[in-house]
Amino acid sequence: MRLVVDKAPFSPWESVARYEREVVTPSFPGKVGAAATFVGTMRDFNEGDEVRGMTLEHYPGMTERELQRILDEAGGRWTLLDVLLHHRVGELSPQEPIVLVAVWSAHRKEAFEACRHIMEALKSRAPFWKKEQLDGGHHRWVEKNSDGY
Amino acid sequence: MRLVVDKAPFSPWESVARYEREVVTPSFPGKVGAAATFVGTMRDFNEGDEVRGMTLEHYPGMTERELQRILDEAGGRWTLLDVLLHHRVGELSPQEPIVLVAVWSAHRKEAFEACRHIMEALKSRAPFWKKEQLDGGHHRWVEKNSDGY
Amino acid sequence: MIGCSDAVRKPLFEGNSMTVKVKFFASLKEQMGCDGATVEIGEVATAADVWLQASGGKALPPNVLVAVNMEYTDQNQTVTNGDEVAFFPPVTGG
Amino acid sequence: MIGCSDAVRKPLFEGNSMTVKVKFFASLKEQMGCDGATVEIGEVATAADVWLQASGGKALPPNVLVAVNMEYTDQNQTVTNGDEVAFFPPVTGG
Numbered sequence: 003m004r005l006v007v008d009k010a011p012f013s014p015w016e017s018v019a020r021y022e023r024e025v026v027t028p029s030f031p032g033k034v035g036a037a038a039t040f041v042g043t044m045r046d047f048n049e050g051d052e053v054r055g056m057t058l059e060h061y062p063g064m065t066e067r068e069l070q071r072i073l074d075e076a077g078g079r080w081t082l083l084d085v086l087l088h089h090r091v092g093e094l095s096p097q098e099p100i101v102l103v104a105v106w107s108a109h110r111k112e113a114f115e116a117c118r119h120i121m122e123a124l125k126s127r128a129p130f131w132k133k134e135q136l137d138g139g140h141h142r143w144v145e146k147n148s149d150g151y
Numbered sequence: 003m004r005l006v007v008d009k010a011p012f013s014p015w016e017s018v019a020r021y022e023r024e025v026v027t028p029s030f031p032g033k034v035g036a037a038a039t040f041v042g043t044m045r046d047f048n049e050g051d052e053v054r055g056m057t058l059e060h061y062p063g064m065t066e067r068e069l070q071r072i073l074d075e076a077g078g079r080w081t082l083l084d085v086l087l088h089h090r091v092g093e094l095s096p097q098e099p100i101v102l103v104a105v106w107s108a109h110r111k112e113a114f115e116a117c118r119h120i121m122e123a124l125k126s127r128a129p130f131w132k133k134e135q136l137d138g139g140h141h142r143w144v145e146k147n148s149d150g151y
Numbered sequence: 018m019i020g021c022s023d024a025v026r027k028p029l030f031e032g033n034s035m036t037v038k039v040k041f042f043a044s045l046k047e048q049m050g051c052d053g054a055t056v057e058i059g060e061v062a063t064a065a066d067v068w069l070q071a072s073g074g075k076a077l078p079p080n081v082l083v084a085v086n087m088e089y090t091d092q093n094q095t096v097t098n099g100d101e102v103a104f105f106p107p108v109t110g111g
Numbered sequence: 018m019i020g021c022s023d024a025v026r027k028p029l030f031e032g033n034s035m036t037v038k039v040k041f042f043a044s045l046k047e048q049m050g051c052d053g054a055t056v057e058i059g060e061v062a063t064a065a066d067v068w069l070q071a072s073g074g075k076a077l078p079p080n081v082l083v084a085v086n087m088e089y090t091d092q093n094q095t096v097t098n099g100d101e102v103a104f105f106p107p108v109t110g111g
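Protein chains in written order, with the numbering used here: chain A, 3 to 151; chain B, 3 to 151; chain C, 18 to 111; chain D, 18 to 111.
So here's chain A without its partners, still in its complex pose:
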């Protein structure tokens, strides 16, 4: 299980490939049947407005605790082999990845369900806040996340 909250830009598909190759496959050789992943990326539009950039604020300490709890809950509810979760904070530009969730399991049902559940739990519970930079130096806080179901 790996959980990263970091300011640096990252390449989600490279992260998944590397973690799978270096950690998941060696830990469970021949046992991995399914991997489900989700990558959330910054768009250049929201609520009808062009968005120039984004600041992602978080609550250091609580964010990691809450994410860990979400992963532990998923591990208790589904039979999983491994999970990788990576979330950006700080200053982001459009097209940059914000979040990656990758779940490995023996069978597809578990990977699909756990991956989506982790994302929805993260969206509703993990203390992150998005501030959007709009045209003309304006900014606004995103007030709530869209529905995921």
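Simulated from the structure, these hints should not be mistaken for lab results.
Note that the Cβ used here is the ideal one computed from N, Cα and C, for glycine as well.
Any given hint could be a false lead.
25 Å max Cα-Cα, derived SDA-like pairs, lysine to any residue [what the hints assert, rightly or not]:
1) D:K46 with A:H141
2) D:K40 with A:T57
3) B:K9 with C:G99
4) B:K133 with B:V25
5) A:K33 with B:K111
6) A:K146 with B:K111
7) B:K146 with C:T95
8) C:K40 with C:E101
On the chain D side, residues computed to face chain A include the following (Cβ under 7 Å) [said to hold, decoys possible]:
9) F42
10) A43
11) V61
12) L69
13) G73
14) A76
15) T90
16) P107
17) T109
Listed next, the stretches of chain B that the computed footprint assigns to chain A, with coverage defined by at least 3 CB atoms under 8 Å from CB atoms of chain A [what the hints assert, rightly or not]:
18) 11-18
19) 23-32
20) 37-48
Fit chains B, C and D to the given chain A structure using the hints.
The following block gives chains B, C and D in isolation, referenced to the frame of chain A:
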């Protein structure tokens, strides 16, 4: 939209990264908010037996038609930006990827739902058949896929 | 192979005949002993008739799937001269 | 910032007092004018009391989330000397 049915081993995360970089992002700059993927990998066990290798048979022509139909149906049901589907045929060894489904959309709900739907439709409708090589030169045809929901 | 090829050369129907291409896949291919054949059959025939002709009179196993011209259908579909009729077990890809 | 710091230096409660650390995040931080403060408050206090003290008597906005020692809770939870009490708007990560 890209659909590949091929004998050659492939690296799913590299395929996703390359397709996203070369096709999806340039086609929809700043519009991609979500990517959901699934990778199915060959295990070395099934139904309590060790599996040494696998032969994936298909119905050339019909397989591609049925996969195309599944993708078209998903595109009609959800608002998607792009889909990549890659399925191995021929001789496989444990730990090799069998199938990749990657779906890009503006919002996560669509990507999650379409990705899982495409996988389940593929499992129930696309004409592929797995033959497992067991110990001592025995082989057996997989009789049916496990439930995905 | 030979059993399969033998069967297809004996039209069971009188009158005008047509030709359809038959395909078997996976375990069914192994059971039939061939991957398919060209069948000559009476002008009015269903997929089930084609099966009987191609299999030399064996009963169609209950879980066998049927496709005509690469589209799923059922054994009662009528076939036309030149059609490709495929029989195969439940699919197990992914 | 100054308004925030002023408020925290005036205990509203009589008797024994305790000290809690207050944190504000995101839009609430901007509205409050500071990212938090150390608050001296009467010994028996809830998160809502801490809010009142730290905000200088402002009403707690209805959608504000409350965490004590980095665990979600509600405004009625009693706080203990040394606790960290955080107030923030609905989360919008992912």
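*asked:* Does the closest beta carbon of chain A sit nearer than 7 Å to the beta carbon of A43 (chain D)?
replied: holds (4 Å)
*asked:* Please check whether V61 (chain D) passes as an interface residue: C-beta within 7 Å of a C-beta belonging to chain A.
replied: Given a least distance of 25 Å, the restraint on V61 (chain D) is violated.
*With 7 Å as the cut and Cβ atoms as the points, is L69 (chain D) at the interface with chain A?*
With a minimum Cβ separation of about 22 Å from chain A (threshold 7 Å), the hint on L69 (chain D) is violated.
_Straight-line alpha-carbon gap K40 (chain C) to E101 (chain C), limit 25 Å_ = It holds: about 7 Å lies between the C-alpha atoms, which stays within 25 Å.
*If you take the shortest Cβ to Cβ gap from G73 (chain D) to chain A, is it below 7 Å?*
With a minimum Cβ separation of about 22 Å from chain A (threshold 7 Å), the hint on G73 (chain D) is violated.
*Does the alpha-carbon distance linking K146 (chain B) and T95 (chain C) stay inside the 25 Å limit?*
Violated, because 28 Å separates the two Cα atoms, which is more than 25 Å.
*Residues of the stretch 11-18 of chain B with Cβ under 8 Å from chain A, three needed, outcome*: holds (count 4)
*Proposed proximity, G99 (chain C) with K9 (chain B) (alpha carbon, max 25 Å)*: Outside the cut-off at roughly 30 Å; violated.
*Hinted pair K46 (chain D) and H141 (chain A), Cα distance within 25 Å*: Holds: K46 (chain D) and H141 (chain A) sit about 15 Å apart, inside 25 Å.
*Taking 25 Å as the top limit, are the C-alpha atoms of K133 (chain B) and V25 (chain B) close enough?*
Violated, because 35 Å separates the two Cα atoms, which is more than 25 Å.
_Closest C-beta approach of F42 (chain D) to chain A relative to 7 Å, hint status_ = holds (6 Å)
*Report holds or violated for chain A covering the stretch 37-48 of chain B, Cβ cut-off 8 Å, minimum 3 residues.*
holds (count 11)
In this structure, the earlier hints numbered 3, 4, 5, 7, 11, 12, 13, 14, 15 are contradicted, and the remaining ones agree with it.
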